[in-house]
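Protein sequence lines, in the order shown, are assigned to chains B and D. Numbering-wise (the working numbering), the first sequence opens with residue -7 and increments by one. Numbering-wise (the working numbering), the second sequence opens with residue -7 and increments by one.
Be aware that a few hints might be false.
[Claimed, not checked] Pulled from the structure, derived: some chain D residues nowhere near chain B, Cβ distances all over 12 angstroms: (1) 28; (2) 65; (3) 103; (4) 128; (5) 208; (6) 225; (7) 235; (8) 295.
[Said to hold, decoys possible] Here are some chain B residues pointing at chain D (derived, C-beta under 8 angstroms): (9) -5; (10) 65; (11) 66; (12) 111; (13) 196; (14) 205; (15) 207; (16) 265; (17) 293; (18) 303; (19) 345; (20) 361.
None of these hints come from the bench; they were simulated from the model. Predicted, not measured: the structure shown is a model, and the values here were computed from it. Glycine is no exception: its CB is placed at the ideal position from the N, C-alpha and C atoms.
Protein chains: 2
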Amino acid sequence: MLQNPPAEPGMSLDEIDTPALVVDLDAFEYNLNFMAAQAAAAGVKLRPHAKTHKSPVIALMQMARGAVGQCVQKVAEAEILAWGGVKDILVSNEVVSPRKLARLAALAHIAKISVCVDNATIVPAIEAAARASGANLNVLVEIEVGAERCGIAAGQSVITIAQAIAASPHLTFGGLQAYHGRAQHQRTPQERAQSIAQATEITASVVSDLAAVGLNCPIVGGAGTGTFALEAGSGVFTELQVGSYIFMDADYGRNTPPPPFQNALFVLASVMSAPTPDRAVVDAGLKAVAVDSGLPVVWNRPGVTYSGASDEHGTLSLEPGTPLLALDERVLLIPGHCDPTVDRYDWYVGVRNNRVERVWPVAARGAMG
Amino acid sequence: MLQNPPAEPGMSLDEIDTPALVVDLDAFEYNLNFMAAQAAAAGVKLRPHAKTHKSPVIALMQMARGAVGQCVQKVAEAEILAWGGVKDILVSNEVVSPRKLARLAALAHIAKISVCVDNATIVPAIEAAARASGANLNVLVEIEVGAERCGIAAGQSVITIAQAIAASPHLTFGGLQAYHGRAQHQRTPQERAQSIAQATEITASVVSDLAAVGLNCPIVGGAGTGTFALEAGSGVFTELQVGSYIFMDADYGRNTPPPPFQNALFVLASVMSAPTPDRAVVDAGLKAVAVDSGLPVVWNRPGVTYSGASDEHGTLSLEPGTPLLALDERVLLIPGHCDPTVDRYDWYVGVRNNRVERVWPVAARGAMG
């Protein structure tokens, strides 16, 4: 069931119902602008990842600043973006079910739709879906560049798949998907540089092998918030698929150095219990903030640590001498991991100068199918 | 945005869109019946926790089997249960915001509503909300019995709060909330027995202290799926607040012995990539299954382990010699932790004999406020 919005424009932070997903609009716009400028300066295209924000509103803000389109991971996300006016969408992931492929092909009547494949046996199913819908799909081959997830290893198989795509009447060979997920959170710049150098070398060799058989790669896509400057400067990658840069999170903050973005996403929580001088409990636990990449970090409250999460409780530990927290007092938390935290909420609450400026939906919340 | 149901009655498992939240109805009904029988045999009341299921449909199934009411953690959960026909609801948690208290008091016109308090300063706010609404609220004192979360330590403060409740014209003193969350997942029976013995001793002494000042405890509530037999046999606890027993999960399965319930909750996933003989990737990652209490366990697939989760990818590792997984093949996953997994989905898909029998909403999905 869709939840009611927790706030209205004009409210103060203290009037927002909690827990709430709060966006600091100044920091958010700084991040949008900074990444747009970085991509422009490097001469690469920006195709931000909507798996982070799940919002056509944010997608269109990114595109107004020069992004060429959006990435998504799920067909249901592609639907919500396309229905919200996004005209160029890459599913940076494999889609293999005939019913999902039929939905994707249907979308191709209102937007340019691209999808990835890493197995030749699926190409006929994608062609069949496109043909049945009377549409054209753009198909990229996902290659293994170190992520050890989806993606076929460089070699003859990549060429075979690309040729099968190119030979399909309703498909267009769209290029390569070469995302190195594992590199994003490697902590040192040396580790990240080495990972992306390897990914770039593999990708460049595949681009070259494909060129040798007459296949150009319109898109060579990859990069995340942790490594984007490396792919941008590689001379091989043509599109950056960064997602988290718009919000940042505590886990990216642990990279050395952290990515050059401001914390723009917070969970606003309220104190509901303060039973001892060294402990307070807020109303944001496991269901309100993702803990897969560590517990949230308390914003701007020296001496106060978020030390434990249960389903609906967040325990705060207070160092000796820390001013006590009052009942119903508000606390801002920086999520450990922004993407799955956003996916728990129905509404963004956009705040500037401690006032709610706008509220808009996390339209693709729960869009997993 | 509410997602479309992933299935319709009559479909086979292979026709369900994935990822989906699947309930094995035979196992689920076994669990419902077994717990109802256990509580009846022990002579204690059952007030199951709706934070697990978030569904008036399931609440009413529990009450049809003798449960006296439901527990919730959030006002928004109480609203959805009351609007769905549940007539007796305990918010087993502190509510301190005036706006939330006003919503709770409004609900008291259509259901009996109880709420917890652990700080005397809030009692006037609860009374004010009840008075403004022209309603009566039942108020329990939450005491610390080992959970180290909310709850006031046994002693004069408990009596002071209880007397303040009893002296408030629109409030009724409802008894004690004495849940020991930490004991639920202690792995050995000795640890759990010791924890609940201590909790029982503390609780009994508070009951006795209150009786000495003329205050009876209509409810002495506690217990979870890991320890319920101990509270049921304590002679002190009058109501069991068990939640997870209806579904079970992988983490409760690691208790020794595991609670006597069947695995009834699964995430149904599909293989979307199988790039190497030892690896397959399913479409259920961090956003589809909670990982706070460990990764999901693959159901009934010897040699296949869920070894890594990213936002939308679940990596399966195959031992040498394991039959390969086909693209689009279905895999059932037992969540590490049932409650936050349920909270990611809009729909339950109830299955019997490998056919979809019914689909119903996770009506309080995201009800955090």
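Hints, one by one, checked against the model:
1. 28: At roughly 23 angstroms from the nearest Cβ of chain B, residue 28 of chain D sits farther out than 12 angstroms, so the non-interface label holds.
2. 65: 4 angstroms, violated
3. 103: With a cut-off of 12 angstroms, residue 103 of chain D remains clear of chain B, as the shortest Cβ separation is near 18 angstroms.
4. 128: Nearest chain B Cβ is 22 angstroms from residue 128 of chain D, so the label holds.
5. 208: Holds, since 24 angstroms exceeds 12 angstroms.
6. 225: Nearest chain B Cβ is 25 angstroms from residue 225 of chain D, so the label holds.
7. 235: 9 angstroms, violated
8. 295: 19 angstroms, holds
9. -5: Result: holds, 5 angstroms to nearest chain D Cβ.
10. 65: 4 angstroms, holds
11. 66: Holds. Min distance 6 angstroms.
12. 111: 6 angstroms, holds
13. 196: At about 20 angstroms, which exceeds the 8 angstroms cut-off, the nearest Cβ of chain D leaves the hint on residue 196 of chain B violated.
14. 205: Hint violated; residue 205 of chain B Cβ to chain D Cβ min 22 angstroms, cut 8 angstroms.
15. 207: Not OK, violated: residue 207 of chain B not within 8 angstroms of chain D, min 21 angstroms.
16. 265: Holds, about 4 angstroms.
17. 293: 19 angstroms, violated
18. 303: 5 angstroms, holds
19. 345: Residue 345 of chain B check fails; min Cβ-Cβ to chain D is 23 angstroms, beyond 8 angstroms.
20. 361: 5 angstroms, holds
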